[in-house]
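First to last, the protein sequences are chains A and B.
Its first residue numbered 59, the first sequence is counted upward by one per residue in the numbering used here.
Its first residue numbered 59, the second sequence is counted upward by one per residue in the numbering used here.
None of these hints come from the bench; they were simulated from the model.
As the structure is a prediction and not an experimental result, all values here were calculated from the model.
It cannot be assumed that every hint is accurate.
Stated by the list, open to error - With beta-carbon atoms standing in for the labels, derived distance ranges:
(1) B/Ser311 <-> A/Pro330: 31 to 39 Å
(2) B/Pro171 <-> A/Glu208: 52 to 60 Å
(3) A/Phe200 <-> B/Ala354: 47 to 55 Å
(4) A/Gly320 <-> B/Ile331: 51 to 59 Å
(5) A/Glu87 <-> B/Lys234: 55 to 63 Å
(6) B/Ala389 <-> A/Asp105: 38 to 46 Å
(7) A/Glu381 <-> B/Gly98: 50 to 58 Å
(8) B/Ser298 <-> A/Gly172: 53 to 61 Å
(9) B/Glu312 <-> A/Glu208: 55 to 63 Å
(10) B/Lys313 <-> A/Glu332: 27 to 35 Å
(11) A/Glu381 <-> B/Glu173: 32 to 40 Å
(12) A/Glu87 <-> B/Ser63: 35 to 43 Å
All residues carry an ideal CB built from backbone N, CA and C; glycine is no exception.
Protein chains: 2
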Amino acid sequence: MAASSPAATLDVVGIGNAIVDVMSPAENETIERLGMNRGGMTLIDTDRAHALYDAMGPAKEISGGSAANTLAGLASLGSRCAFIGQVADDQLGEVFAHDIRATGIRFDVPARPGEPPTARCLIFVSPDGQRTMNTYLGASQFLPSAALDEALIADARILYLEGYLWDPEEPRAAMKQAIAASRGAGREVAFTLSDAFVIARHGDDFRALIDAGQIDVLFANEHELAALTRMDDFEAGLASLAPRVPTLVVTRSEKGAVAISGGERAEVAAEPIERVVDTTGAGDMFAAGFLHARVAGRPLAECLRAGSICAWEIISHYGARPESDLKALLASKLG
Amino acid sequence: MAASSPAATLDVVGIGNAIVDVMSPAENETIERLGMNRGGMTLIDTDRAHALYDAMGPAKEISGGSAANTLAGLASLGSRCAFIGQVADDQLGEVFAHDIRATGIRFDVPARPGEPPTARCLIFVSPDGQRTMNTYLGASQFLPSAALDEALIADARILYLEGYLWDPEEPRAAMKQAIAASRGAGREVAFTLSDAFVIARHGDDFRALIDAGQIDVLFANEHELAALTRMDDFEAGLASLAPRVPTLVVTRSEKGAVAISGGERAEVAAEPIERVVDTTGAGDMFAAGFLHARVAGRPLAECLRAGSICAWEIISHYGARPESDLKALLASKLG
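Bound-form chain A, shown alone:
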């Protein structure tokens, strides 16, 4: 952060999809039979959404959305946050708005009247905890640049952006404008690549943003690292990307995570876990722990460890929003 920036009243403002998750356990055979991309995220249209919902077992509705989940984690840790995303003026929109505000996150974007409805993600959770996501974007893809409160963005130490939202046109324009607003105020921009499919479609954009120095903290998992660098070898990918971003954070599921910042490299093992119930939100919650520790000025290794502990909490239960007091959990685990 530039030394000249005025003190921020917010820690993180996030821009992302405003989604309600519809979650149900499913056998692997069902996921295969329905032709889903197991473990991945697939965008679906109205017809496919109806067909998959009809084929889905009894479900639970729990607010989700990648950046929104990260903010929920950050707020649970005590960070001051605001969310920017688009819901429709319907019952699922009310559910999303209620849940994010009830978590203590500022959320002022008005609901969008009429069709399409609020975004939902049909999540099939396999017996091993793997989640297969099918996202109907609905209203979420119509987040207009006009919804951006630039003063709010300038007032947050970190602007956090979700790669998923780079795909639809209106939010992409809004996010570019947000990056300019944040950087203009001397703040930091953190970006999560979200999924290999987004990189397949927008990799050139992302590489250009990175090389133009627009991203201060980049989150990726190892598949996204490979897709972005076009290098299958993990270390080669790291070596290629790390010099181009001030802070690079790469998560590797059960293999832990690596961060490289200003030439320093830190690694963390995954927290030991008895049973993985549902991996939905693991990456989102990792980012929450990492950013919270970063805002608090903690060393790189501790940022990684905080991310790892928060990811551990989320995969131990159903749903992508924290159920424990993350602040107390972190205090007990970090000592």
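With chain A's structure known, arrange chain B on it following the hints.
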């Protein structure tokens, strides 16, 4: 069942509120501060629903409704079921209809267009697992007699009715008509008293139904038994009520349950449990286990034990719909 009745193709048809539960953990102080009836069920209007939702933490939406929960348990056990209840033509109505059909239950009542919206129950779950329910009945209270499929009712071995639904006028008339249809076809009528507040308002109706021999199986908890018999002493209440219904089942939470049928008395202890997570649906699932065993012609003590095992499953997790394969659970526990 009269020996002359033709074979039924359904085991149980249930009539009840079509409700989506909105569940959130809450401290006891919050429940007290908001003036809620801790552990009970309170009907709320639109304004109170908004005020309580605003005060509620981040929540999960899970289909509920007392009789609907019982049917979900029965279907999970392998019973053939149909549900009659009223949702509105909105997103929560779609959620309810999806979940009940995905459980394998026939549900043909068309959604009701326009206002009010689908019923919801705001459930605050205390750290000890106690649930405090605030029900906004919405569309559910407008179940018309016209929605009854009398052929369907005549085709089910048991008609299961929820006392909660006795309160609003239209469903009360529909339930009376359903009792006549069921009895006319030589089937059995099972009734759950649901809550002491319903007995306070409609106790005379219930006593008249019982004394007219309209109810074959009556479910009550000990508070409802006391309210219905106006006797505080448990044994005195039992002794007063048992001779008036063919089968009386009284649940007593951690004290287990008692059933009296045709002069035979059976008792069961509560299943030992490590941690009560959420008591929502315990009575509903007890009824599911009991009725399933009854339909299978099992002895009274085994019906009680099946109820107890199903109640144990539901209080070990969040939400009132079963998450385990109840059939396998029962087989493993009953041997």
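* Asked: Broken hints, numbered, in rising order?
  -> Those not satisfied are hints 2, 5, 7.
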